[in-house]
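Participant: Sequence:
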Amino acid sequence: MASENNELRKAGLKVTLPRVKILQILENSDSRHMSAEDVYKSLIEAGEDVGLATVYRVLTQFESAGLVVRHNFDGGHAVFELAKGEHHDHMVNLETGDVVEFFNEEIEKLQHQIAEEHGFELIDHSLVLYVRKK
1 MASENNELRK AGLKVTLPRV KILQILENSD SRHMSAEDVY KSLIEAGEDV GLATVYRVLT
61 QFESAGLVVR HNFDGGHAVF ELAKGEHHDH MVNLETGDVV EFFNEEIEKL QHQIAEEHGF
121 ELIDHSLVLY VRKK
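All letters in the sequence shown, in the order written, are residues 1 to 134 by this note's numbering.
Wrong hints could be hidden among the right ones.
[Claimed, not checked] When the alpha-carbon atoms are kept at most 27 Å apart in a straight line, the in silico BS3-like pairs for lysine-lysine are as follows:
| id | residue 1 | residue 2 |
| --- | --- | --- |
| 1 | Lys41 | Lys109 |
| 2 | Lys10 | Lys109 |
| 3 | Lys109 | Lys84 |
| 4 | Lys14 | Lys41 |
| 5 | Lys14 | Lys84 |
These are computed hints drawn from the structure, not numbers from a lab.
When you get a sec, could you build the whole thing from the sequences and use the hints?
Facilitator: Structure representation (structure tokens):
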């Protein structure tokens with residue numbers, strides 16, 4: 001729990017039990033991408049007394065503090081992942097909803113090249129591929 005406390009303090013957030021519990025859920029989950037409802041269900045399963053509104057509020061605070069990144073995959077359904085600092089793109093399986101992370105140097109170079117060809121400097125981007133198994 002000490003590492004979670006330090007992460008919260010570094011992000012400028014007061015250490016509270018709900019924040020610590022939610023951060024632990026995100027850090028220990030098998031899934032890197034969790035919705036607020038997923039976090040809430042995990043808390044309930046662990047016997048924690050934290051409301052869904054609190055989960056939404058804390059995740060929004062975490063996003064503002066740079067601890068998590070919000071993604072809106074699959075028609076606006078928001079999921080959160082811990083902000084680990086390394087860039088990656090996503091593939092979303094339309095049949096299962098599974099999210100696959102990937103990094104491809106050629107795609108990254110091509111995006112910069114396209115921006116330059118149009119007279120721009122690429123600052124950031126988000127690439128999501130919606131896929132289906134063959």
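Participant: Just to be careful, I want the Cα atoms of Lys41 and Lys109 compared with a cutoff of 27 Å; is the pair within it?
Facilitator: Violated, because 40 Å separates the two Cα atoms, which is more than 27 Å.
Participant: Is it true that the CA of Lys14 sits at most 27 Å from the CA of Lys84?
Facilitator: Holds. Lys14 to Lys84 sits at ~21 Å (cutoff 27 Å).
Participant: Taking 27 Å as the top limit, are the C-alpha atoms of Lys14 and Lys41 close enough?
Facilitator: holds, 24 Å
Participant: Are Lys109 and Lys84 close enough, with their CA atoms no more than 27 Å apart?
Facilitator: holds, 22 Å
Participant: Quickly compare the C-alpha distance for Lys10 and Lys109 to 27 Å and report which way the hint goes.
Facilitator: Between Lys10 and Lys109 the Cα gap is close to 33 Å, so the pair fails against 27 Å, i.e. violated.
Taken one by one, the earlier hints fail for this structure at numbers 1, 2, listed in ascending order.
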